[in-house]
Amino acid sequence: MSRRTPITRRTRLPVVLVLAGALAAACSGPGGDAGAGNATATAVTSAPTCGSQPVTMRGYFETGFPMSKALTDEFTKQFPNVTWDVREDQFAVITQNAPRVLADDPPDLMRLPQVSELVKDGLLKNLDGYAQWFGWDKWPAGQLAQLRMGPGGRPRGAGSLYAMGLNFSTTGVFYNKDLATRIGMSSPPRTLAELDDALAKAKNAGIQPIQQFNGGATGGLAFPLQDLMAAYGQPGPINDWIFQKPGATIDTPAARQAAQHLDQWIKAGYFPPDVNAVDYSQMMSRFLAGQGLFSFNGDWESGNLDEHLPGKVGFFPMPPAQAGARPAAMSAPLTVGISAKAAHPDCAAFFLNWVATNPKAREIAVQVGGSHPMGPADAPMPPVAPGTVTASTLQAAAQVDADGTAMDFIANATGAIYAKSWTPQLQKLVAGDQTPDGLLQSVQRDYTEQVGG
236 MSRRTPITRR TRLPVVLVLA GALAAACSGP GGDAGAGNAT ATAVTSAPTC GSQPVTMRGY
296 FETGFPMSKA LTDEFTKQFP NVTWDVREDQ FAVITQNAPR VLADDPPDLM RLPQVSELVK
356 DGLLKNLDGY AQWFGWDKWP AGQLAQLRMG PGGRPRGAGS LYAMGLNFST TGVFYNKDLA
416 TRIGMSSPPR TLAELDDALA KAKNAGIQPI QQFNGGATGG LAFPLQDLMA AYGQPGPIND
476 WIFQKPGATI DTPAARQAAQ HLDQWIKAGY FPPDVNAVDY SQMMSRFLAG QGLFSFNGDW
536 ESGNLDEHLP GKVGFFPMPP AQAGARPAAM SAPLTVGISA KAAHPDCAAF FLNWVATNPK
596 AREIAVQVGG SHPMGPADAP MPPVAPGTVT ASTLQAAAQV DADGTAMDFI ANATGAIYAK
656 SWTPQLQKLV AGDQTPDGLL QSVQRDYTEQ VGG
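Sequence positions in the sequence shown follow this note's numbering and run 236 to 688.
Hint data in this document are derived by calculation from the structure and do not stem from the laboratory.
One or more hints might be untrue.
To be verified - Simulated pairs of lysine to aspartate or glutamate, DMTMM-like, Cα-Cα distance not exceeding 20 Å:
1. Lys655 <-> Asp636
2. Lys502 <-> Asp672
3. Lys655 <-> Asp672
4. Lys480 <-> Glu352
5. Lys655 <-> Glu684
6. Lys595 <-> Glu309
7. Lys663 <-> Asp681
8. Lys480 <-> Asp668
9. Lys655 <-> Glu352
10. Lys655 <-> Asp681
11. Lys655 <-> Asp486
12. Lys436 <-> Asp413
13. Lys655 <-> Asp638
14. Lys502 <-> Asp475
15. Lys480 <-> Glu684
16. Lys355 <-> Asp613
17. Lys438 <-> Asp475
18. Lys438 <-> Asp498
19. Lys436 <-> Asp498
20. Lys502 <-> Asp431
21. Lys355 <-> Asp339
22. Lys663 <-> Asp638
23. Lys412 <-> Glu309
24. Lys663 <-> Asp509
25. Lys663 <-> Asp413
26. Lys547 <-> Asp413
27. Lys304 <-> Glu542
28. Lys438 <-> Asp509
29. Lys655 <-> Asp432
30. Lys312 <-> Glu598
31. Lys663 <-> Asp514
32. Lys502 <-> Asp413
33. Lys355 <-> Asp340
34. Lys373 <-> Asp613
35. Lys595 <-> Glu352
Please read these numbers as outputs of a predicted model, since none were measured by experiment.
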């Protein structure tokens, strides 16, 4: 739910930008076989750069998220010959339009949904040559595993590298500290039962327990649903399903418990009564206005919350059902790929490496994006003020990484599963037109058709 999902995260709706500019001079170099569309990597024998001649990079990124613009602006400051022509769209629009855009009007860089089908169709550039040149293959393997694909895009998790991340996002639960004090909540819930208790107390106190979105083509209830899946079970089976492992299913006992628990929250009135009409930006506006105790969201909002509600918001990973169990979280790169037909693939790869290794770019990832930068294990972390939301989200990400309980987003299992399966089925569940078991069965049927078996 890039995204990285995903599902990637400010008072804005997840969206993408398409850089639609003309280039004044090519950013040449080995590895720049624009338009090849093949599944094999081109050897990189000299340093990929953006050159010294004027270059206009075309990009397609998520709308409403300032990190991408902050990064491209800073890149132009450091490399004045490079300018950016960017288009932005909602993430749901990007998810549906990615194949057409990459085939008919390919940008150099594009924010991506799930990429298996794009790899299968030859729409993304194989990045193995760049990974070897820049040393990306020496980074912690977990950073890039979700972006690796086997032949034809399956299985995920191993094989060639077809995308990179602008940062590494982690999801969990934000909470309003003032509202928490009103119900006697002095520290984050440690178990699902404690979270249930806080929700009930908020409802009884006239406080909106959860502020969430579920309108349009972006089913935001997928966030708490997946959190509940991991609270009742293990992240392994969830990842197997997302990575399209043979025989994987989302209709498991733990997932059924999770869907039933989510349904209980719906019926208890813990979500806004108009949640099916609430989009992401409306949810964030309400949460920023103090109209909700909890919100299931990601660390991409950390900088935004630190700016507008300094010291008033906390964050915690979803607590487990069993006391003492390790919490899990959706944690994935904010995925960006280079089109197989990109006009400037070497400059695009140079930019992605700069994002992960340049001190100023890493600072932007933390302070603007609120997330952990990509990059080498020994790369220094930018300083973060203690007591901030950003400090809490980075701590949670480190905990999940150390515990080995990270998951990809269930919205990323296939290119169509979020918009065409999860979202409508979750909206039906809210409306009372679907059952918890029926929701999972329906999504699994769609998944089986989409992955071809």
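Status of each hint after checking the structure:
1. Lys655 <-> Asp636: Given pair lysine 655, aspartate 636 is violated - Cα atoms ~31 Å apart, limit 20 Å.
2. Lys502 <-> Asp672: The given pair, whose Cα atoms are some 16 Å apart, holds under the 20 Å limit.
3. Lys655 <-> Asp672: 18 Å, holds
4. Lys480 <-> Glu352: Within the cut-off at roughly 15 Å; holds.
5. Lys655 <-> Glu684: Holds - the C-alpha atoms of glutamate 684 and lysine 655 are around 12 Å apart, at most 20 Å.
6. Lys595 <-> Glu309: 8 Å, holds
7. Lys663 <-> Asp681: 16 Å, holds
8. Lys480 <-> Asp668: 31 Å, violated
9. Lys655 <-> Glu352: Distance ~15 Å between lysine 655 and glutamate 352 Cα, so the pair holds.
10. Lys655 <-> Asp681: 8 Å, holds
11. Lys655 <-> Asp486: 17 Å, holds
12. Lys436 <-> Asp413: Given that 20 Å is the threshold and the Cα spacing comes to 14 Å, the pair holds.
13. Lys655 <-> Asp638: 33 Å, violated
14. Lys502 <-> Asp475: Roughly 31 Å separates the two Cα atoms, so the pair is violated.
15. Lys480 <-> Glu684: Given that 20 Å is the threshold and the Cα spacing comes to 14 Å, the pair holds.
16. Lys355 <-> Asp613: 34 Å, violated
17. Lys438 <-> Asp475: 36 Å, violated
18. Lys438 <-> Asp498: 16 Å, holds
19. Lys436 <-> Asp498: 18 Å, holds
20. Lys502 <-> Asp431: 13 Å, holds
21. Lys355 <-> Asp339: 17 Å, holds
22. Lys663 <-> Asp638: Measuring from Cα to Cα gives roughly 35 Å; hence the hint is violated.
23. Lys412 <-> Glu309: 34 Å, violated
24. Lys663 <-> Asp509: Distance of about 13 Å is within 20 Å: holds.
25. Lys663 <-> Asp413: Measuring from Cα to Cα gives roughly 33 Å; hence the hint is violated.
26. Lys547 <-> Asp413: 7 Å, holds
27. Lys304 <-> Glu542: This hinted pair holds, its Cα atoms lying about 18 Å apart.
28. Lys438 <-> Asp509: 16 Å, holds
29. Lys655 <-> Asp432: Violated - the C-alpha atoms of aspartate 432 and lysine 655 are around 34 Å apart, more than 20 Å.
30. Lys312 <-> Glu598: Holds, at about 15 Å.
31. Lys663 <-> Asp514: 16 Å, holds
32. Lys502 <-> Asp413: 26 Å, violated
33. Lys355 <-> Asp340: 18 Å, holds
34. Lys373 <-> Asp613: Holds - the C-alpha atoms of aspartate 613 and lysine 373 are around 11 Å apart, at most 20 Å.
35. Lys595 <-> Glu352: At roughly 34 Å apart (the allowed maximum being 20 Å), glutamate 352 and lysine 595 break the hint.
Of the hints listed earlier, those the structure fails to meet are numbers 1, 8, 13, 14, 16, 17, 22, 23, 25, 29, 32 and 35, in rising order.
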